[in-house]
Amino acid sequence: MEAETATQEVVQSSLARAEAMPERRRMALRRFWRSKTGVLGAFLVLSIALAAIAAPLVAPYNPNTVDLLARMSPPLASGHLLGTDIYGRDLLSRIIWGGRLSLTIGLAATIFSMVIGILTGIAAGYFGGPLDAVIMRIVDIMLAFPYILLAIVIVGALGPGLFNTMLAVGIAGIAFFVRLIRGMVVSIREEMFVEAARSLGATHVHIMWRAVLPALVPYIIVFGSLNVGWLILEAASLSFLGLGAQPPTPEWGAMLAEQRQYVTIAPHVVIIPGIAIFLVVVGLNLFGDALRDALDVRLKES
Amino acid sequence: MGRYLAQRLLMIIPVMLGVTLLVFAMMHLAPGDPAVAMAGPRATPEQLTIIRHYLGLDRPLPTQYALWLERAAVGDLGRSIRQGVPVTSLVLVDFRNSALLAGVSFTLATVLGIMAGLVAGLNRGSILDQVIGFVSALGFSTPAFFLGLLLIVLFAYKFPILPIGGMHSVQGSSGLLDVARHLVLPAITLAAVPTTVIARTVRSSVLEILGQDYIRTARAKGLREKMVISRHILKNTLIPVITLLGLQAGFLLGGAAIVEVVFSYPGVGNLMIQSILERDLPVTQGCVLVLALVYVFVNLGADVLQCYLDPRIHFG
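Chains A and B are the protein sequences, given in the same order. Anchor point for the first sequence: position 48 equals 48 in the working numbering, and the numbering is continuous, going up by one each time. Offset between the second sequence (1-based) and the working numbering: plus 302.
It cannot be assumed that every hint is accurate.
Said to hold, decoys possible - For the chain A half of the interface with chain B, some residues (derived, Cβ under 7 Å), not all of them:
#, residue
1, Ala133
2, Arg137
3, Ala144
Please keep in mind that the hints were generated in silico from the structure rather than gathered at the bench. By construction, the Cβ of each residue, glycine as well, lies at the ideal position given by its N, Cα and C atoms.
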């Protein structure tokens, strides 16, 4: 009898919690709007993303059209808002098209490492035991490499290229998510609402999908958005090293590498792609930090 | 504490095996035949067979791994395909250079980071705190290769007071002072991110400690503020920072590749990138192995040190 009442109470409170969800989401949104830096970050990211999506419409020139008569024009020169590069290609158009590549790589690699990381992390944390032990040893080994070194090793093995770079930064990012998610699942596992679902006879898959995963959503959103900026930076670094996108692809890191000898003659050919990377990463960091505060998510130091 | 240390040391074994396995696997994951890479496209099948036998590629994979591990354990990492010299000698020379750069950057990041974090934390909300927060946000989001190029433009061309790269001058003086001059820009570039990370951690650590009872007690008993800071705040702030320092030291060694390439600095990271671009796999393997093992041991050292400093640490 007592147990039944307890179960009912839990079910009631779970229902109340579910009803409160939209309200909490509204509160979080309001908190987010109050953060000036967060709004600035969102604005930066949105405007760059929009320009990237609409690249064929907004880019004034073909990013690969060479105009040798207009080489290294400074910014604001006639017809070229951001000037031209060493081959006379319009820098603004190359930045806009490059944004497509960088954002796609950052997003795709993040989704890749998150999906694998979340599934593995939930399985490890939920089931525990030997499965958990094996997964965590593999994670330990992956984390035994500094992140960029692991990405370099993977690209080194797969061979240089844009797609392999995306794969490498994605694979290298998995271990971080596995550890993060697993740690949270271990503490969620003992919560009342999981216990309740279990006592109602739910299957493991049902519990993981309907009880555990939703509790992780705020964390996933926050660390996902912070991770996109991080991976964009790493992918650009690999391209800068010559391991990622190859010229003449208008990728920001590759543009910097291709033009770096000319930095003394025409600094803008290097500074402009650098600022583009910087703005995206700053935007995503500000956005992610504000989301973290709004959703009240804390990363456990471990 | 003994049990924790024993566990932590035991954990090194699977991690090291994993690291070596991964490095070994690189050779076999990589597209293309190493024998062809070594002999060139015009080699006859007979020549290829000989080279494969010489490299041990005709044996089963586990045997190859065991052989490779055995040789690596005594410092034999094979020969460079491009330069013909033993990999170990190449890696060791460059490792010394990398360690020098990492050491200078580490000192810079630690001193600056702790100072900035303390100042920001003790003056929470002040203009100084906000300036430090803003600068560290800038430093955290600037790609290392971009910062490096900016510094080169500024201090090697606009105001040519420092060399653009390398480690020694081609002509003229090549003493300690010359090496030091070559280290300034790469060290600053490399230290930028760790400095901001350390400053942030120290700041939040200070804020947490300021709320503790023992600080109130220390002030209540009339201790001078200078003493409160040096005796109580500084000491307790540093404990959580030590693990972080370990991680950052590893980052400075492993993550230095980009900075070394920007400044053409003769370090392991630079050697590794060049070897990947030239498909010189034995050299790549050697570099990765050395960098990963150093990273593992630096972290181990940091954990042991923290365990020694903070008796409250979990024994689990």
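How the hints compare with the structure:
1. Checking Ala133/A against chain B by beta carbon gives a least distance of about 11 Å; that is not within 7 Å, so the hint is violated.
2. The beta carbon of Arg137/A comes within 6 Å of a beta carbon in chain B, closer than 7 Å, and the hint placing it at the interface holds.
3. Interface hint status for Ala144/A: upheld, as the beta-carbon distance to the closest one in chain B is roughly 5 Å, under 7 Å.
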